[in-house]
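Residue numbers (the numbering used here), protein chains in the order written: chain A, 1 to 109; chain B, 1 to 109; chain C, 1 to 109.
In short, the hints are calculated from the structure, not lab data. Treat the hints with caution; some may be incorrect.
Covered stretches of chain C (in silico footprint by chain A; criterion: 3 or more residues with CB under 8 Å from a CB of chain A, positions within the stretch not fixed) [what the hints assert, rightly or not]:
hint	segment
1	27-36
2	77-87
3	95-104
A few chain A residues facing chain C, derived, Cβ under 8 Å [unchecked claim]:
hint	residue
4	N39
5	Q44
6	D61
7	T65
8	R66
9	A68
10	T91
11	L92
12	Y98
13	F104
Below, in silico cross-link-like pairs of lysine-lysine (BS3-like), each with a Cα-Cα straight-line distance of 27 Å or less [to be verified]:
hint	chain 1	residue 1	chain 2	residue 2
14	C	K86	A	K97
15	A	K86	B	K97
16	B	K97	B	K86
17	C	K97	B	K86
Here the structure is a predicted model, which is why all the values come from computation and not from measurement. Built from N, CA and C at the ideal position, the CB exists for glycine as well.
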Amino acid sequence: MQIGVLVNIGNHFDLKASVFQAPRRGIYSFSFHVVKVYNRQTIQVNLMQNDYPVISAFAGDQDVTREAASNGVLLMVEREDRVSLKLERGTLMGGWKYSTFSGFLVFPL
Amino acid sequence: MQIGVLVNIGNHFDLKASVFQAPRRGIYSFSFHVVKVYNRQTIQVNLMQNDYPVISAFAGDQDVTREAASNGVLLMVEREDRVSLKLERGTLMGGWKYSTFSGFLVFPL
Amino acid sequence: MQIGVLVNIGNHFDLKASVFQAPRRGIYSFSFHVVKVYNRQTIQVNLMQNDYPVISAFAGDQDVTREAASNGVLLMVEREDRVSLKLERGTLMGGWKYSTFSGFLVFPL
């Protein structure tokens with residue numbers, strides 16, 4: 001997975017594993033837009049908190065060049081929880097180009 | 001409408017009515033992703049502030065299993081304003097599964 | 001481009017140019033949903049920081065009445081940086097109706 005990181009204040013996003021690890025307990029906002037380039041498959045993307053799927057998004061159109069599976073959520077996160085994206089179904093043959101994954105602390109608890 | 005609430009700090013989201021009531025005046029960020037499961041209809045989802053539609057989102061593809069009507073906005077909200085989603089057009093025969101609705105205070109006024 | 005501004009605290013969004021100019025250095029959250037009304041073209045929307053594209057979004061379905069090109073991002077923004085949307089490809093014959101563009105300061109630096 002090729003990624004570019006635009007903002008990584010605090011350095012809590014592990015580039016190699018593509019996992020965000022929370023520096024402290026609090027409410028975080030996460031959102032993602034995973035772009036599928038033309039292929040025949042439906043994709044399902046899960047936002048994972050530790051090993052559990054929290055929300056899902058889908059992109060399934062067969063006739064469209066680029067389509068995004070998007071969703072966003074507020075999450076109560078414990079210190080050292082890991083948050084990441086998982087491609088639950090389908091493949092991203094064209095890579096993750098144009099995809100984004102963002103998160104920030106809304107307020108600490 | 002079946003919902004699961006992931007985060008409800010301050011308990012200002014009324015589960016029964018699915019309405020958020022603002023505890024104080026300020027700028028809030030709201031976003032939603034309402035997922036339509038395969039059906040023949042176009043859906044239009046409105047974000048309502050009290051009884052007024054503020055923004056709309058659409059999902060209209062007839063050939064795609066799951067598609068989301070998504071949008072997001074910053075709103076100036078008065079104390080006790082109610083913010084909710086309304087299905088303005090179409091039906092959600094498959095229910096609200098995978099749909100999300102999130103809001104948080106960006107800063108108080 | 002016809003726009004309505006729901007929130008413009010600090011008055012840092014220039015309505016005429018549709019450009020946000022940052023009052024101070026910090027991490028900002030930006031998101032947009034640009035709605036294409038039925039036409040035959042694929043649109044590509046870029047989020048521009050000064051004169052550079054940061055992220056892109058696409059809407060390409062030919063058979064759907066309204067479809068949104070959506071994305072969002074956290075950006076490190078310097079004081080007086082300009083952030084705006086640019087229609088990189090395609091046209092919006094139906095105007096920008098139902099489109100949104102939102103940004104706020106997550107924390108100052």
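Taking the hints in turn, this is what the structure says about them:
Here the segment 27-36 of chain C counts 3 residues with a CB under 8 Å from a CB of chain A, which clears the bar of 3, and the coverage holds. For the segment 77-87 of chain C, the assignment as covered by chain A is violated, since 0 residues bring a beta-carbon within under 8 Å of that chain's beta-carbons and 3 are needed. For the segment 95-104 of chain C, the proposed coverage by chain A is not satisfied: 0 residues have a C-beta within less than 8 Å of a C-beta in that chain, short of the threshold of three. Evaluation of the N39 (chain A) hint against chain C yields a violated restraint, the C-beta minimum of about 14 Å exceeding 8 Å.
Interface restraint check: Q44 (chain A) against chain C, minimum CB-CB distance 18 Å, threshold 8 Å, status violated. Checking D61 (chain A) against chain C: minimum C-beta separation of about 6 Å stays under 8 Å; hint holds. Residue-level restraint check for T65 (chain A) holds (minimum Cβ-Cβ distance to chain C is 5 Å; threshold 8 Å). Residue-level restraint check for R66 (chain A) holds (minimum Cβ-Cβ distance to chain C is 4 Å; threshold 8 Å).
Contact between A68 (chain A) and chain C, as hinted, is supported at the beta carbon level, the nearest pair being about 7 Å apart and thus within 8 Å. Annotation: T91 (chain A) was flagged as interfacial toward chain C, and the flag is violated, the nearest CB pair being 19 Å apart, outside 8 Å. Against a cut-off of 8 Å between C-beta atoms, the interface hint on L92 (chain A) is violated, since the closest Cβ of chain C lies about 15 Å away. Annotation: Y98 (chain A) was flagged as interfacial toward chain C, and the flag holds, the nearest CB pair being 5 Å apart, inside 8 Å.
Against a cut-off of 8 Å between C-beta atoms, the interface hint on F104 (chain A) holds, since the closest Cβ of chain C lies about 5 Å away. In summary, the hint linking K86 (chain C) to K97 (chain A) is supported, as the alpha carbons are separated by about 19 Å, within the 27 Å threshold. Our distance criterion of 27 Å between C-alpha atoms is met by K86 (chain A) and K97 (chain B), whose separation comes to about 19 Å. Restraint check for K97 (chain B) and K86 (chain B): satisfied, since their Cα atoms lie roughly 16 Å apart, inside the 27 Å limit.
Taken as a hint, the K97 (chain C) and K86 (chain B) pair is honoured in the structure, with Cα atoms around 19 Å apart against an allowance of 27 Å.
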